[in-house]
Amino acid sequence: MLRIRNMEAGYGNLRVLKNISLHVDGGEIVTMIGANGAGKTTLLHTIIGLVRPTRGEVLFLGQDCRRLEARRIVAAGCALVPEGRQVFATMSVEENLILGGHVLQQREGRAAVLRELGHQYELFPVLRERRQQLAGTLSGGEQQMLAMGRALMSRPRLVMMDEPSTGLAPLVVRDIFRVVVRLREEGNTVLLVEQNARAALGIADRGYVLETGRVILQGPAGDLLANRDVQRAYLGREKIA
Amino acid sequence: MRYTKSRAILCLVALVIVTQLLTRITGTSYYLTQLTMSAYYALVVIGLTVLMGYAGQISIGHAGFFAIGGYLSAALTTHNLIPLAGSPLVQFLGRLGVLVRGQDIYGEQLLTVTPWAACLAAILVAALIAFLLGIPVLKLKGHYLAMATLGFGTIIYRIALASDYFGEADGISEVPGFTLLPGVAGLPPLVVNGDFDSRVQNYYIAWGVLIIGMVLLLNLIDSRVGRALRSIHGSEEAAEAAGVDTARCKLQVFVLSAVYAALAGVLLTHYNGGLGPSEASVMKSVRYVALVAVGGMANLWGALVMGAGLTFLSLRGVFGSFDDAVFGAILILVMLFAPDGILSLRLNGLRTCLKRESTDR
Numbered sequence: 003m004l005r006i007r008n009m010e011a012g013y014g015n016l017r018v019l020k021n022i023s024l025h026v027d028g029g030e031i032v033t034m035i036g037a038n039g040a041g042k043t044t045l046l047h048t049i050i051g052l053v054r055p056t057r058g059e060v061l062f063l064g065q066d067c068r069r070l071e072a073r074r075i076v077a078a079g080c081a082l083v084p085e086g087r088q089v090f091a092t093m094s095v096e097e098n099l100i101l102g103g104h105v106l107q108q109r110e111g112r113a114a115v116l117r118e119l120g121h122q123y124e125l126f127p128v129l130r131e132r133r134q135q136l137a138g139t140l141s142g143g144e145q146q147m148l149a150m151g152r153a154l155m156s157r158p159r160l161v162m163m164d165e166p167s168t169g170l171a172p173l174v175v176r177d178i179f180r181v182v183v184r185l186r187e188e189g190n191t192v193l194l195v196e197q198n199a200r201a202a203l204g205i206a207d208r209g210y211v212l213e214t215g216r217v218i219l220q221g222p223a224g225d226l227l228a229n230r231d232v233q234r235a236y237l238g239r240e241k242i243a
Numbered sequence: 028m029r030y031t032k033s034r035a036i037l038c039l040v041a042l043v044i045v046t047q048l049l050t051r052i053t054g055t056s057y058y059l060t061q062l063t064m065s066a067y068y069a070l071v072v073i074g075l076t077v078l079m080g081y082a083g084q085i086s087i088g089h090a091g092f093f094a095i096g097g098y099l100s101a102a103l104t105t106h107n108l109i110p111l112a113g114s115p116l117v118q119f120l121g122r123l124g125v126l127v128r129g130q131d132i133y134g135e136q137l138l139t140v141t142p143w144a145a146c147l148a149a150i151l152v153a154a155l156i157a158f159l160l161g162i163p164v165l166k167l168k169g170h171y172l173a174m175a176t177l178g179f180g181t182i183i184y185r186i187a188l189a190s191d192y193f194g195e196a197d198g199i200s201e202v203p204g205f206t207l208l209p210g211v212a213g214l215p216p217l218v219v220n221g222d223f224d225s226r227v228q229n230y231y232i233a234w235g236v237l238i239i240g241m242v243l244l245l246n247l248i249d250s251r252v253g254r255a256l257r258s259i260h261g262s263e264e265a266a267e268a269a270g271v272d273t274a275r276c277k278l279q280v281f282v283l284s285a286v287y288a289a290l291a292g293v294l295l296t297h298y299n300g301g302l303g304p305s306e307a308s309v310m311k312s313v314r315y316v317a318l319v320a321v322g323g324m325a326n327l328w329g330a331l332v333m334g335a336g337l338t339f340l341s342l343r344g345v346f347g348s349f350d351d352a353v354f355g356a357i358l359i360l361v362m363l364f365a366p367d368g369i370l371s372l373r374l375n376g377l378r379t380c381l382k383r384e385s386t387d388r
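From first to last, the protein sequence lines are chains A and B. Note that my numbering has the first sequence beginning at 3, numbered continuously upward. Note that my numbering has the second sequence beginning at 28, numbered continuously upward.
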């Protein structure tokens, strides 16, 4: 589905990502964990075309997307749930969702958008209850669900989530992660970027550890959870030998 | 949604008709002159509202687009082309049928561009300039965009003031009327001019144009494009990630608002029979921004009501020599006390009032 080889990216002279290689296959949940400033958000922004890679290769569904504009990558089936949710506060919940179907409406018309809207309401019943409410008045957890619903409205092949657990209560985080698992059950592919390593590795199939712009570890999620270095650095569990 | 929208439009149409009848009954039909001008200025304001309030892109240069429309239309319809009659360009224009012959008040032969052609040319030029300016300028945000558009406005103002073709400080006068429709089947022609006899007709033309412009914008806001615009205001990055072509959207709405301003400039110039460089001044641009703000930024109805209302008061001379100061003060006060516009303030006051009464009981 997604294949990245030897990619470098950054802002101006600043190189944030160095020699990144990773792949995501269909039907997987892949998580990318790392501390603040490791380059996680930059990675997602590079994949979706908001930041241009300076070197290397980004293939999405076999298509080279280094030169493509964000909207074309979105139209090709890649969606981003941005960090900090970034719902459109002055628009209603329903308008936010319909906006998420912007490319779908272009491709398949309004009926497809309305169908997809029903699907999101089924996945997030709380959004149906609040459909006419302004998005800015939702709680953090509800905004996160709205951001996810908005991304799913484009009927993506790959959903990328940027730290969905930030600033949410543990119970709410559990709900959000449950939805992620359900997405996989429905045949979706998810690339999940998280600081909450334990929760992310708990549901993922595979994981990568990003540190100062480099992938330093990768492997099945279970192996990473058991890894000493990961435990020490990201799980806050230091065992004295 | 659609129902309330069409009802509001019908109310406006009714209000326009009632106002005209009232001025007739009370013998105050001289008000119609300022009401007509107010409608044209309100056209600039509602166009700017879509750009500023909905798409979130500020422009302190819209008097520039108004002036491009007004000046080009005025210059093309007044400058005599007789001395150039032999040139291939003028002969080509003549063959296209966009030139008209006439006589000035001294009986001299005149050869000028027809108002329809001049109007279209003026609007096309304004749209083209907005397009070319918008590509680099709309990459800027916030204060930087404000500064860049301010710079554009200043350039247009100085060009109007400095060039002989645009009449320097005197501006252009004796601009002919603009015949929108020739008289057919016994009906009089539809002309935009300042003649005493056609005052009522011009009032209806101006408000008709404003209402049509309003309907188009209201529909735009509710469409897919309108949602995309509002999402840009919310977060450009999130809009981009939702697949919205933000650069193109911003450019389109910038050009659209420039076209509204230019059209208003063209029609008002033909109505007034001329215009001067003050129409292009930065103070005018600031005034349009103030009117958008006072209307509630993302509120087309507020912009229309406040745009037409305050402009009417200003044109009646209610604010005297403090005119510009009043608009400056309005801008400050709105930002301080009612960032959602005057209309929201009144409604909120009413709401708290009602609430207090119901709890008192």
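Treat the hints as calculated values from the structure; they're not laboratory data. Cβ coordinates follow ideal geometry from the N, Cα and C atoms, glycine included. Be careful, since some hints might not be right.
[To be verified] If you want the footprint, here are the derived chain B segments under chain A, 3+ residues with CB under 8 Å:
(1) 250-256
(2) 293-304
[Unchecked claim] To give an idea of the interface, some chain A residues facing chain B are shown, with a C-beta separation under 8 Å as derived from the structure:
(3) L24
(4) A77
(5) F90
So, going through the hints one by one against the coordinates:
{"no.": "1", "hint": "250-256", "result": "holds (count 3)"}
{"no.": "2", "hint": "293-304", "result": "violated (count 0)"}
{"no.": "3", "hint": "L24", "result": "violated, 20 Å"}
{"no.": "4", "hint": "A77", "result": "holds, 6 Å"}
{"no.": "5", "hint": "F90", "result": "holds, 4 Å"}
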